[in-house]
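Residue numbers (the working numbering), protein chains in the order written: chain A, 1 to 189; chain B, 1001 to 1566; chain C, 2001 to 2131.
Hints listed in this document are in silico derivations from the structure and should not be mistaken for laboratory results.
Backbone N, C-alpha and C fix where the C-beta goes; we use that ideal spot for every residue, glycine too.
Some clues are possibly wrong.
[Stated by the list, open to error] What follows is a set of in silico ranges between Cβ atoms, one per label pair, in the way DEER data are often shown:
1. C/Leu-2030 / B/Arg-1545: 50 to 58 Å
2. C/Phe-2076 / A/Thr-106: 35 to 43 Å
3. C/Lys-2108 / B/Ile-1334: 23 to 31 Å
4. C/Trp-2061 / B/Arg-1327: 47 to 55 Å
[Said to hold, decoys possible] Chain A is nowhere near these chain B residues, computed Cβ spacing over 12 Å in every case:
5. Gly-1072
6. Cys-1114
7. Lys-1121
8. Lys-1205
9. Gly-1254
10. Phe-1265
11. Gly-1323
12. Thr-1333
13. Ala-1373
14. His-1395
15. Thr-1397
16. Lys-1438
17. Phe-1504
18. Gly-1511
19. Tyr-1519
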Amino acid sequence: MTPIATSRSTAGLPTGTLGVWWLLASEIVIFGGVLCSYIMHRLSHDWWAVEAANTNVYIGLWNTFVLLTSSLFAVLAHSAAQQGDGKLAARRLWYTIGGGAVFLITKGFEWRMEISHGMTISSSSFWSFYYTAAGIHASHVIAGMIAMAVVAMDAAKGKFLHRVENAGIYWHFVDLVWIFLFPLLYIAK
Amino acid sequence: MAHAVDHAPAHDDAHGHHEQSFFMTYLWSTDHKMIAKQYMFTGMFMALIGGFFAYAFRMQNAFPGMHVPGFGMVTPSDYNMLVTNHGTIMIFWVAMPVLVAAFGNFLIPLMVGCDDMVFPKLNRLSYQIFLLSAIVLIAGFFVPGGGFGGAWTAYPPLSAVGNYNLTPAGSTFWVLAVALEFVAFLLGGINFITTSMNSRAPGMKLYDIPIVVWTIVIASILFMCSVGPLIAGAIMLLFDQNLGTGFFNPAMGGDPVLWQHLFWFFGHPEVYVVLLPTLGMVAEIICVFARKKLFAYQTVLYTMFGTGILSFTVWAHHQFISGIDPRMANVFTITTLLISVPIAEMLFVYIATLYKGSITLSTPMLWALGFIATFLIGGVTGIYLGTAGSDVYFHDTYFVLAHFHYTFFPIAIIGTFAGVTHWFPKMFGRMLDETLGKLHFWLTIIPFNCIFIPLFFLGLWGEHRRIYSYELFDELWKYQGIRQFATVSLLVMLAAQVIFIFNFFKSLRSGAIASPNPYNANTLEWQCPSPPPHGNFAELPTVYRGPYEYSHPDRKEDFWPQNSPA
Amino acid sequence: MSDHAQAAHADHGDPAAHEAHYKKIWVILLVLLLISFAGPFVGIRVVTMVTAFGIAVVKAWLVAKHFMHVTLQPKFVMYLMGTCLVFMLLFFAGTAPDVMEHEGANWKKRDPDAGRPERVLHPEAHGAHHE
Chain A
1 MTPIATSRST AGLPTGTLGV WWLLASEIVI FGGVLCSYIM HRLSHDWWAV
51 EAANTNVYIG LWNTFVLLTS SLFAVLAHSA AQQGDGKLAA RRLWYTIGGG
101 AVFLITKGFE WRMEISHGMT ISSSSFWSFY YTAAGIHASH VIAGMIAMAV
151 VAMDAAKGKF LHRVENAGIY WHFVDLVWIF LFPLLYIAK
Chain B
1001 MAHAVDHAPA HDDAHGHHEQ SFFMTYLWST DHKMIAKQYM FTGMFMALIG
1051 GFFAYAFRMQ NAFPGMHVPG FGMVTPSDYN MLVTNHGTIM IFWVAMPVLV
1101 AAFGNFLIPL MVGCDDMVFP KLNRLSYQIF LLSAIVLIAG FFVPGGGFGG
1151 AWTAYPPLSA VGNYNLTPAG STFWVLAVAL EFVAFLLGGI NFITTSMNSR
1201 APGMKLYDIP IVVWTIVIAS ILFMCSVGPL IAGAIMLLFD QNLGTGFFNP
1251 AMGGDPVLWQ HLFWFFGHPE VYVVLLPTLG MVAEIICVFA RKKLFAYQTV
1301 LYTMFGTGIL SFTVWAHHQF ISGIDPRMAN VFTITTLLIS VPIAEMLFVY
1351 IATLYKGSIT LSTPMLWALG FIATFLIGGV TGIYLGTAGS DVYFHDTYFV
1401 LAHFHYTFFP IAIIGTFAGV THWFPKMFGR MLDETLGKLH FWLTIIPFNC
1451 IFIPLFFLGL WGEHRRIYSY ELFDELWKYQ GIRQFATVSL LVMLAAQVIF
1501 IFNFFKSLRS GAIASPNPYN ANTLEWQCPS PPPHGNFAEL PTVYRGPYEY
1551 SHPDRKEDFW PQNSPA
Chain C
2001 MSDHAQAAHA DHGDPAAHEA HYKKIWVILL VLLLISFAGP FVGIRVVTMV
2051 TAFGIAVVKA WLVAKHFMHV TLQPKFVMYL MGTCLVFMLL FFAGTAPDVM
2101 EHEGANWKKR DPDAGRPERV LHPEAHGAHH E
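Work the whole structure out from these sequences, hints included.
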């Protein structure tokens, strides 16, 4: 039932990949809007540094490590899919998804600790931005995990292997955003 | 890169003709033509609501304190809600779905010569999210406090604090509805752009693409690259409304001007998002009914690109008196004046295309010409507003209101009627009644001018926007007769829409059967049956020439379809 | 019948070599991560900024080039991503003069410290390190 339209590639790349790149373009401006707003406030309020000193850089480090590793598994899954090995690609995608889960669980513990120490979303504008930016990022992590799970289940049956690459490109972007969130929220104190 | 071995796409004809249920055909379809109609009918339904709101607040304006037939008494809170939601609905739930989503969905696969959009299920999902957004918006009218009343621009602190806007629940529904609508159009945009880039018929080079496909694609790109900051802002506003954050609250270290920038960074490209599809449709109609090729196709294309890029650099002209840095006001004045040039050039291109053409004043052509005449006034009056110095006087007066109605109305309403009257035969397989069409045209365009020309003068004389009743302003009360004249003209215009609705539904049932190509046009959508079947073309076309080979000197006929080999 | 373009790297030899390459990039990313983590301990603000953000940019480019293969896509992909980044710079440039200023020619923010919370947080209490 896939239309013939989907199989054409006048622009020089497969349709699904082209679609994902356009999705990423729109995501750059979404996260860009949040991060620009954050940076403007961070640079113009001295007392934000005092608030920001309270983020836990060790947890941030761990989470960055987790996401980078999950990105490795995503690109290894792509490599497996290129060789036509759907089962291996699926397994590696599940590892990627696992990385996402570890990230989210760590975040959960981190936020629980911070909230219990009085750093809630409304306690100051720094924390408002902190939770909002990381929260929007986390929602993209969840969406990516769901998409990869669907792709992995198909890939295990040898179906739609080209989607492994596309899911990976999206996941790498989510990782990219975190690569910038980490120094902004945890290191630049 | 590995291409899936699983991709042998079945041509839908190969499935044989199976009868689909009502549900599958009308509610769960992935066919781009059906989805287009879903967007179109939803948008037109929302236009009725938006128009009704205009009726109610204009009646209050013209006859303050009197009971409005069909609505009741309009309280100040009601007035704010009506004005807010009229604007919101007309832009996000009428102009966008009809111009971008409906015509984009319908025309793009047909005009590029393929069988559907590249992601049909995503297309269906886009519509469903859009429908959900409309439902959420309407639901917000029925919550305690009523619908949001903080203006379609939703500036905080008014929009963020329930005690100020008096519609705390409605505000949240409104923000959610707008956010959902953005998601729907992001997903839809991916489909339009990818299909046009990747799925063109063999032989269709970039300069063979009909201009309306280009304009809808560029509009989608503009939308996708500009809506992000506002999505961020909407989430922040939602949190300010409900979680006690202070993103836009100075007392908590936030800044209301940040919202304004987030909003208008998107808000300005947005007006080009809706303008570009109409510019494209008007171009198509003019070429068909003047039997002439589009003047300077390549220049038009680069104009569209240039306008798109420039549209990202003008946004703060909406904020000249909000206390922005005056040096930025200089910058934005210059960029705003610059952007009037390419659009003015477009109008000249239309006139040059019409020049020495063999013109038929059909209903679509009347609408196209009406667009040029009215949009011209809108564009020219924008100069006074784009210049910071004069804008200091004009901002928030009825001059602004008249300006943007002289742009939005041609874009959204005239553009819609132009497109619908032109492509109705292709969409529904029937011809509309020409006499009723022309009557509807004149009874819409003349009252339209009667409503809004006086409003320019009222603005010049100092009348502020968003005021519930001018009884409170001694120096403005003497113009009440003008307000009443404008309102009566609105009543005439609204009544005239019955002609269109009647014509539409009567022709659906009993209009003359449409041939595949009733206008002898060149573009690919006219080279398949009316309406096109599932899969569009019995045999997918190959393209041999550009879309505007009309009145070619070497040919006997005055048209030359893109896919005919000869 | 479909007509996909063959991407440049379609048949590019040994998959094991590719996988080794990806793992090598991953190790580099981790090393860079550790450097950016260690930067603040040096105590010099400029060093912290360079290691934190300079390394972020380098890591981002490594991920984009080696994992996302952005350089192997048709050129317009990079132009598109670059354009969106430029739009963000444009947004920052147009908004920062308003949001970041605390005073202008004819005005002054009443309370530039507005929003600073009253309560005192102790970074050590939640495992944060404080330079």
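These are the hints, each one checked on the structure:
1. Separation of C/Leu-2030 from B/Arg-1545 is about 57 Å and conforms to the stated range, judged on CB atoms against 50 to 58 Å.
2. The beta-carbon spacing between C/Phe-2076 and A/Thr-106, approximately 37 Å, falls within the hinted interval of 35 to 43 Å.
3. Evaluation of the 23 to 31 Å hint for C/Lys-2108 and B/Ile-1334 yields a pass: the beta carbon distance comes to about 28 Å.
4. One distance hint, 47 to 55 Å for the beta-carbon pair C/Trp-2061 and B/Arg-1327, is violated here, with the actual separation near 34 Å.
5. Distance check for B/Gly-1072 against chain A: the nearest CB is about 39 Å away, which clears 12 Å, and the non-interface claim stands.
6. A cut-off of 12 Å between C-beta atoms contradicts the statement that B/Cys-1114 is not in contact with chain A; the least separation is 4 Å.
7. The Cβ of B/Lys-1121 sits about 9 Å from the closest Cβ of chain A, inside the 12 Å cut-off, so the non-interface label is violated.
8. Remark: the non-interface label on B/Lys-1205 conflicts with the geometry, its nearest Cβ contact in chain A lying 9 Å away (cut-off 12 Å).
9. At the 12 Å boundary, the C-beta of B/Gly-1254 falls inside the reach of chain A, the nearest C-beta of that chain being 6 Å off.
10. With a least beta-carbon separation of about 8 Å from chain A, B/Phe-1265 fails to lie farther than 12 Å from that chain, contradicting its non-interface assignment.
11. Against chain A, the non-interface label of B/Gly-1323 holds: every CB pair exceeds 12 Å, the least being about 16 Å.
12. For B/Thr-1333, the non-interface assignment is confirmed: its Cβ lies about 23 Å from the closest Cβ of chain A, beyond the 12 Å cut-off.
13. With a least beta-carbon separation of about 36 Å from chain A, B/Ala-1373 lies farther than 12 Å from that chain, consistent with its non-interface assignment.
14. With a least beta-carbon separation of about 25 Å from chain A, B/His-1395 lies farther than 12 Å from that chain, consistent with its non-interface assignment.
15. With a least CB separation of 31 Å from chain A, B/Thr-1397 remains clear of the 12 Å interface cut-off, as annotated.
16. Every CB of chain A lies more than 12 Å from the CB of B/Lys-1438, the least distance being 38 Å, so the non-interface label holds.
17. Non-interface status of B/Phe-1504 relative to chain A is upheld: no Cβ of that chain comes within 12 Å, the nearest being about 29 Å off.
18. Distance check on B/Gly-1511: its Cβ is at least 30 Å (rounded) from any Cβ of chain A, clearing the 12 Å threshold; non-interface status holds.
19. With a minimum CB-CB distance of about 26 Å to chain A, B/Tyr-1519 clears the 12 Å threshold, and the non-interface call stands.
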